[in-house]
Each structure stands twice: as C-alpha cells, then as structure tokens.
Amino acid sequence: MLTRAAAAAMLLLTAAASTGFAAGGPGAGSAGICDGAPLTVTVCAEQGGSPSAGGSPSDGAGSAGSSTHADASDAQQCTYTKLDPQPPADNVAWGTHQPGDGQGALYGVNCPDTGRVGVVWMANGNAPAAPRIDPAVLAQRAVDSMTLLGPDIASPRAAGRYTVGVPMWMWANQSATTYGPNSASASAGGVTVTATAKVSKIVWQMGDGATVTCTGPGTPYKGSVGMAESPTCGHVYSKSSARASGGKYRVTATSTWTVSWEGGGEAGQLSEVRQSNVQVAVGEVQVVG
Amino acid sequence: MLAAYAHMWAEQTKAYKKADATGTDLEKYATLDALGQFRNDLARMRQAGTVARGELTHSGTKVTSIDLKAKTPKASLSDCMDISKWQTYSVKKKQVLPLPSNQPLRYVATAEAERWNGQWLVTVFTTHGNEKC
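If you read the sequences in order, they're chains P and B.
The first sequence maps to residues 7 to 295 in our numbering.
The second sequence maps to residues 400 to 532 in our numbering.
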C-alpha cells in the first residue's frame, strides 16, 4: 500500500537526487586525488557521477546474485539519523503524519556510496539502528531483473497501406513486458524492495517530422467510426512516404516506464525508456479494396 | 540567517578537520539535504582516511531572496568560496593530497535556508565549480 506519506517521501527523494552531491565511493572517480576529498573540491564532486536514485554505474545490468552485486550490497549502504530539530508540520515530508503524534519521526537519509540524500518518515522503532543497504539500489536491481520491452505496436502495421489526409490511429497491445504493470522484488541485508513498472507515456515519431505524445496505449480502430480521428492517439500525414528512405516512413514508438518502488520504509520512483519501430507506406491516393 | 550560514560553516569546518561531526553543533545549523551531503562527505573522508586542513573562507555572502510570510520562512543566499588555503590531508599517507589540476580555487556557492521554530537552518548547499568569482 503506497500511502500519501510514502508519496511525499518519494518526491523528496527525487528532489534530493537531483541536487545530490556525487559519489566518491568505490569505483567513482580516480583513486588518490578524489578519494576522500570533501565536496568543496568541486571537480571530484562532479566527476563522482550519477547521484540519482538509480545507484552507481557499477550497479548496471548484471544478473542478480553475481559477485559484483554481493560486493555492492555490502558497500552501498545508507545511514538513517533522526532529524533534530524535526521539520515543521507544513514540511511535505510529513505527508499524512503529524509532528508530535507519537507515532514516528522524520529521519535524514544519507548514502555515502551513491551520494543519495533524502528524508523519510519512519514509525517508532522502525528506523534502522545501523547503516543498511540502500533501498534505491535494490529498486534498480529489481528493475534490472524485469523484462521491460518497447511498445508492441499494433497499429500502424508494416503491412498496412495508409493514405495522406486520412487519420491514422496508433495503438499498442498491452502485456506485462510491453506495457505493464510488471513487478519484481530484490532483497539484500534484510531489506526487500518491490518495484512496479508501468508505461506512463508513448512518444511516437512519425517519420515525417511529427512527434505525437500519447499518455496511454491508444485506442484500437473500429470500422464503424469511419474517417474519425483517434480520440487518444493519432496522426494525419500530409505528405506521401514516396520520397522517404525506402519509400516508407520509419515510425518510432518510445515508451517511458515509470517505476514506483517501496521497501525498507522508503519509497521512490525511477524511469526507464524503451523503443520499437515500424515502417509504414503512406500513399497519396486512397487504395481501393 | 547569514549568522546561521556562518555558524554552519564554522561547525562544518570543525567536522571536516576530523572527518567527524561528533561533538559539533552542525545539526543546529544544517538539516535535510545539506546535512545529508555533509554526512556523506564525512563518511567518505573517514573511509578514505582523509581530513581537511587549513582554512576555507567565504566572502560577499548575500541574501538573494527571502520569504518571511510563508508558514515556514525561506531564504536563499550565495557567496564566493575560497579554498586556496584548504587542503585534503591523507592520514594514511601522511601527506597533503594535491587538488585536481582543473580545480577552481574560488567559485560560487549557493544555499537555501528555512526558519524552523525561530531558528534558521541551511537545508540545501550547492557548489558551482563552473562559476568562478
């Protein structure tokens, strides 16, 4: 259950990531000069790389359970410290909670290896007493373990023939791997993070210079609507594809997978992008038959 | 608010010199992201066996925006940081670590602060190595 409080914490984590100072942790930056340099040494701070919730570059595509990951899970830890003083009641990190309600408190999160910082509400007794694995790192691992593909383009079809001036309807078939929801979990060090991925938008590059952004899978065309435009996701070509390379427009559909994760008392969001293509012929004259 | 920023740096300098915030009043003047970043910094310094030495100076600290009417009053400030007399010392190697060759020595830093229960606290601190001053 993703509460509003979790959602608020998620926003803050995202914001923190964007301003975060970079990691100087293992693998980041050249050893020696930047190893252990404070953030006042800006060159080191900047070359530290991605401070995003996605974790360090070394936490990329490998398979779960590899020795790299085992090492990473030991290293990529976060410390939770109760903020003193506590933020005022109007700070968004409180979410649905209230300061002084006796149920919990806001904790500062800092993760030296990834550079992540944030604030999270934790119920009394739930805050980790010792540094523990960064849930954001586990979230990325869960995402890496999922099969997330580009849109399964149902229309336009490569075999179809399309006509200038006639509304084209674009839509994608929905499955767990091509549209979601798709979910996976990753565990380490007593923390389990569950990530759920769902396509939040598909950007269609039509090949004629037009770009159409659709916030859903699109609407399947039904013959009964005749020449109507798609209510959700469509395009009208104004020129034939005769002069395009190969006589066809190359249509590229790019989906943005929005991943929400939750675990270890924290929540967050990250995104992944995937692409599919189809080549379509668009003619000047309506093809009869 | 400027006083809180100055105090923060005084406490932060103490912490950097031993790579440990224990025994400092850093938490009284910095919180949220700023505090988290400093803690990350200190943890990485401890891990690498380094401490800071020398002096970190600020000049021209000015308030760039302030909102005292908000429920939680907020302000932004900027200044010019000078690290020419600031060193990273490796306790392990017993030597001062050289700065990267392209490290600017004077550059802009910005901060955001909020007033919590009458006390200003720095919530965000950002260095701008590409903006010399």
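Treat each hint with caution, since some may be false.
Stated by the list, open to error - Restricting the straight-line Cα-Cα distance to at most 16 Å, the calculated cross-link-like pairs of lysine to aspartate or glutamate (EDC-like) are:
no.: 1; chain 1: B; residue 1: 531; chain 2: B; residue 2: 478
no.: 2; chain 1: B; residue 1: 470; chain 2: P; residue 2: 150
no.: 3; chain 1: P; residue 1: 88; chain 2: B; residue 2: 426
no.: 4; chain 1: P; residue 1: 254; chain 2: P; residue 2: 290
no.: 5; chain 1: P; residue 1: 204; chain 2: P; residue 2: 96
no.: 6; chain 1: B; residue 1: 473; chain 2: P; residue 2: 96
no.: 7; chain 1: P; residue 1: 245; chain 2: P; residue 2: 278
no.: 8; chain 1: B; residue 1: 473; chain 2: B; residue 2: 424
no.: 9; chain 1: P; residue 1: 207; chain 2: P; residue 2: 150
no.: 10; chain 1: P; residue 1: 207; chain 2: P; residue 2: 290
no.: 11; chain 1: B; residue 1: 427; chain 2: P; residue 2: 278
no.: 12; chain 1: P; residue 1: 204; chain 2: P; residue 2: 290
no.: 13; chain 1: B; residue 1: 413; chain 2: B; residue 2: 424
no.: 14; chain 1: B; residue 1: 468; chain 2: P; residue 2: 214
Since the hints were made in silico from the structure, they are not lab data.
Consistency of the hints with the structure:
Between residue 531 of chain B and residue 478 of chain B, the direct Cα distance comes to roughly 11 Å. Compliance with the 16 Å bound is thereby established for this hinted pair. Straight-line distance between C-alpha atoms of residue 470 of chain B and residue 150 of chain P comes to about 42 Å, which puts the hinted pair past the 16 Å bound. For the hint pairing residue 88 of chain P with residue 426 of chain B, the CA-to-CA distance comes to about 11 Å; that is within 16 Å, so the pair holds. A distance of roughly 13 Å separates the Cα atoms of residue 254 of chain P and residue 290 of chain P; the hinted pair therefore holds under the 16 Å criterion.
A hinted pair counts as satisfied when its Cα atoms are at most 16 Å apart, and residue 204 of chain P with residue 96 of chain P does not qualify at roughly 31 Å. Restraint check for residue 473 of chain B and residue 96 of chain P: the C-alpha separation of about 13 Å stays at or below 16 Å, so the hint holds. Distance restraint check for residue 245 of chain P and residue 278 of chain P: the Cα-Cα separation of roughly 33 Å exceeds the 16 Å cut-off, and the hinted pair is therefore not satisfied. Annotation: proposed proximity of residue 473 of chain B to residue 424 of chain B is violated, straight-line Cα distance about 21 Å (limit 16 Å).
Taken as a hint, the residue 207 of chain P and residue 150 of chain P pair is broken in the structure, with Cα atoms around 20 Å apart against an allowance of 16 Å. For the hint linking residue 207 of chain P to residue 290 of chain P, the alpha-carbon distance of about 31 Å lies beyond 16 Å, and the restraint is violated. Under the criterion of a C-alpha separation no larger than 16 Å, the hint pairing residue 427 of chain B with residue 278 of chain P is inconsistent with the structure, at around 39 Å. With a CA separation close to 38 Å, the supplied pair residue 204 of chain P and residue 290 of chain P exceeds the 16 Å bound.
For a cut-off of 16 Å, the pair hint linking residue 413 of chain B to residue 424 of chain B stands: about 10 Å separates their Cα positions. A distance of roughly 52 Å separates the Cα atoms of residue 468 of chain B and residue 214 of chain P; the hinted pair therefore is violated under the 16 Å criterion.
Consistency note: the structure conflicts with the earlier hints numbered 2, 5, 7, 8, 9, 10, 11, 12, 14.
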